[in-house]
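Undergrad: Let chain S serve as the given structure and place chain G with the ligands on it in line with the hints.
Which chain is which? The protein sequence lines are S and G, in order.
Heads up: the first sequence begins at 1 in the numbering used here, then just goes up one per residue.
Heads up: the second sequence begins at 1 in the numbering used here, then just goes up one per residue.
If you're looking for bench data, these hints aren't it; they were derived computationally from the structure.
Glycine is no exception: its CB is placed at the ideal position from the N, C-alpha and C atoms.
Some hints could be false.
[As the list claims (entries may be wrong)] Chain G residues, not near chain S, derived (Cβ > 12 Å throughout):
# : residue
1 : Arg146
2 : Ala179
3 : Asp242
4 : Arg267
5 : Arg411
6 : Arg479
[Claimed, not checked] Derived pair list, reagent style DSS-like, types lysine-lysine, alpha-carbon separation capped at 27 Å:
#  : chain 1 : residue 1 : chain 2 : residue 2
7  : G       : Lys110    : S       : Lys66
8  : G       : Lys48     : G       : Lys245
9  : S       : Lys66     : G       : Lys100
10 : S       : Lys44     : G       : Lys48
11 : G       : Lys106    : S       : Lys66
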Amino acid sequence: MNSLTRQIAIYGKGGIGKSTISSNITAALSCLGKKPAQIGCDPKADSVNTLMGGDFIETISEITRKYGSSEESLNRAICRGFNDILCVESGGPIPGQGCAGRGVLVALDLIRKYRFFEKNNIDIAVYDVLGDIVCGGFAQPIRHSYAEEVYIVTSGEYMSLYAANNIASSIKLFAGQGLNVRLAGIIGNLRNVKDEEEIIGEFARKLQIPVIQPVPRSDYVQAAELQGKTVVEAYPGSRQAEVYFELAHKIIDNRRQFIPQPLYRQEIIDLLNIYPEKVS
Amino acid sequence: MQKQGFKWVKVSEMFEKTPEADFNCDYPGYSGLWCRLIMAVTSYAMTKNSVAVIHGPSNCAWAIRNFCQTDYSLYYGNPFLHMPVTGIDQNDVISGGADKLVSTLKQVDKDYNPEHICVFDTCSTALIGDDIETAISTAQKECKARIDYIPSAGFTAPSLGKSIEETALKYADIMEYQAETTENSVNILGQYKEQQDSSPMPGKKRCKNRRGKYSDDASELTRLVEGIGLNIYRILISGTYDYIKTAPQAKVNVISCPTWGFPLAKRMEEIFGTPYVNQSIPIGIEPTKKWVMELAKFTGREIEAEKFIHQELQELTPMFERAKTYVSGKVALIECGRNSQTAFARPMALARALEELGMHVRLFGLHPLELRAKAMDFEYFMKEGFDPLILDGNYAYQQPVNIAHIIEDLRLKQGEYVYFTQDVFPAAKGGVFDPANIPRVETGVHLRRVINAPGRGVGFRGARALYENIIEAVMFSERGSKSTLYGRVHGDFYESFS
Ligand SMILES: Nc1ncnc2c1ncn2[C@@H]1O[C@H](COP(=O)(O)OP(=O)(O)O)[C@@H](O)[C@H]1O
Ligand code: SF4
Ligand SMILES: [Mg+2]
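Chain S with its partners taken away, still in its complex shape:
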């Protein structure tokens, strides 16, 4: 792989805020003089939506279906969004048909084969990946030395922690197989559950990885989204934009990488029981 392009993967449960975080990170990175690219690896195919002014771009799956897999197809799939950020969606089938994981695999193969990052002088590529790792396809970005640096997005809720823990397990497994993939840390995307930061902190401690940054819940996110923009673009002066810039800086500076120690399912439940929710 091109050593000049740093490739990071953002994993997490569906709907947890991966795309919001990814897009705001790439937007912030572009404002900081970097040349980022964002690759959506989720059949939902809405990863780069807020970088594209609210447009849904044609996915690699759709394009290769029509035109076959060629460099031309890849070029068709590449869109330029906010601040010239290069955006790609792997796409996937209509739910209930076919094999979405294979779609991710094909998209990444195209990107690698036709040297997308190299030809476009990308210095940071962000893979925004559905993290419920339902099959091997969704592990592609962290296999075969694509992204070697993984960030997990989670809230303090059980399902989200559960998915995060699964991703940690895969990373441990791949690392054990000799792959270079490592966990950089956790990005908390807060849903305002009780004691959320403590829960996430405790969870990270058990996994033996750091919490990179908690991202607060904010109405700016939806407001920006409605305009088809990231918070960084729509409200650059807001406190929320500041958080995303901070996160972008931390990612740029981050050099630490870990092999996590995943938890047993019961351990996650026990952890949540330390901070019992009030039943009203």
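TA: Below, chain G with the ligands without anything else, positioned relative to chain S:
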């Protein structure tokens, strides 16, 4: 052989100790010898006015096309069966291939205008879980031909036996209920060819007006049925959709090959109430008598049958007695499969016939999992009380067992055995230049199904052919003046080695 863990055991012992084969089974060294798709499509290739639509990548279809159109076509039904393929590629794997199947079906209906279309799926489309039934019912609304589906993904049946059984059952689903049955009509199940394929060739005196020296299985079974005054209604699997569909109109089913025949007969009994005669693969005198008599009892034709059998035996007995003088007391080494260790019913039936000649039978070359997968055949022979010795072990994948090792293992001397080979392809030329001078009788499936080729098959005529072949083989091996291959090519010097 013993050092490699091979053992002579009773067939029943080998059956009991072997785990059932399913696709989670990991019997050491065995990953299945045949793709189920091949079995399914080639069985369908015995039908007429039909098109097999293969739902999968083009290479799956090529495997079958090759299979049907090369040497194999000599015995497998229609070598030119149309087998268009949906041509699934990576994009279809990602997005699902059902749409492509629907459009292919419509196109096939228009272009080929067949009576019947059958969809066969493959590993890739089965693994992504394409909804074939829904696709078929979508296409059916716009197609004239009736469309059916036979599940056939290679990975779903590791053993040949299981894939045959499951494929056979599907033919009952294609049939339709018939309100009335036709008097005295009989279906033969588990038989490949239609009888007209072995119809007489007028003017060819040497062949006694028959296409070959020996009659093929389908015409001999027909002769047996007609010999007691009954009529053949359908021989399955063969014919057009209409021919198959109306099979339940027959009064009774009789069985040729149990592997194909019994599952289909049982299913037809369940669905349509068609009874079947519980005898199969009548090779040898007693089994043929029994096969005819059971059918006669069912149809109230015992007197005709006794008369018929009596006449037949009068003709056959001298040859039987003669063959006996050549082989009685010798060991019959019966190969169940030369490259594919899969044949069971036929070698067993042959063994039964050879015991009648006073031979001691030994079977070998059957993979234990394939035996296990043929539970219905196994049950049949056990019910008949026939449980001979078989060589149990972990056979090398698609490697023939060396007959010399078997002979050595049993400490047999020349003149004490006859070797019955299996699975020889129609174009095979082996056998003649046998350095060990082993009397060998070819019993390969191909020989019985190819027009104009000698068959060692079922019924009284099949038995006669078998006896003739045995006598020929033994006489040939006893001849002193045989040349070696090099001797023939390069001269006498090379004869000194043998
Ligand atoms: N920090 C936040 N504050 C408020 N809403 C958020 C925040 N992060 C994400 N969301 C909302 O959550 C929804 C799902 O986020 P998204 O990034 O699409 O998730 P994912 O990509 O993980 O499926 C979006 O509609 C987004 O507006
Ligand atoms: S891929 Fe599967 S269905 Fe196709 S030929 Fe191979 S085993 Fe048979
Ligand atoms: Mg997303």
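Undergrad: All the hints need checking, so say for each whether the structure fits it.
TA: For each hint, the structure was consulted:
no.: 1; hint: Arg146; verdict: holds, 26 Å
no.: 2; hint: Ala179; verdict: holds, 42 Å
no.: 3; hint: Asp242; verdict: holds, 35 Å
no.: 4; hint: Arg267; verdict: holds, 32 Å
no.: 5; hint: Arg411; verdict: holds, 53 Å
no.: 6; hint: Arg479; verdict: holds, 64 Å
no.: 7; hint: G:Lys110 - S:Lys66; verdict: holds, 25 Å
no.: 8; hint: G:Lys48 - G:Lys245; verdict: holds, 12 Å
no.: 9; hint: S:Lys66 - G:Lys100; verdict: holds, 13 Å
no.: 10; hint: S:Lys44 - G:Lys48; verdict: violated, 47 Å
no.: 11; hint: G:Lys106 - S:Lys66; verdict: holds, 21 Å
Taken one by one, the earlier hints fail for this structure only at number 10.
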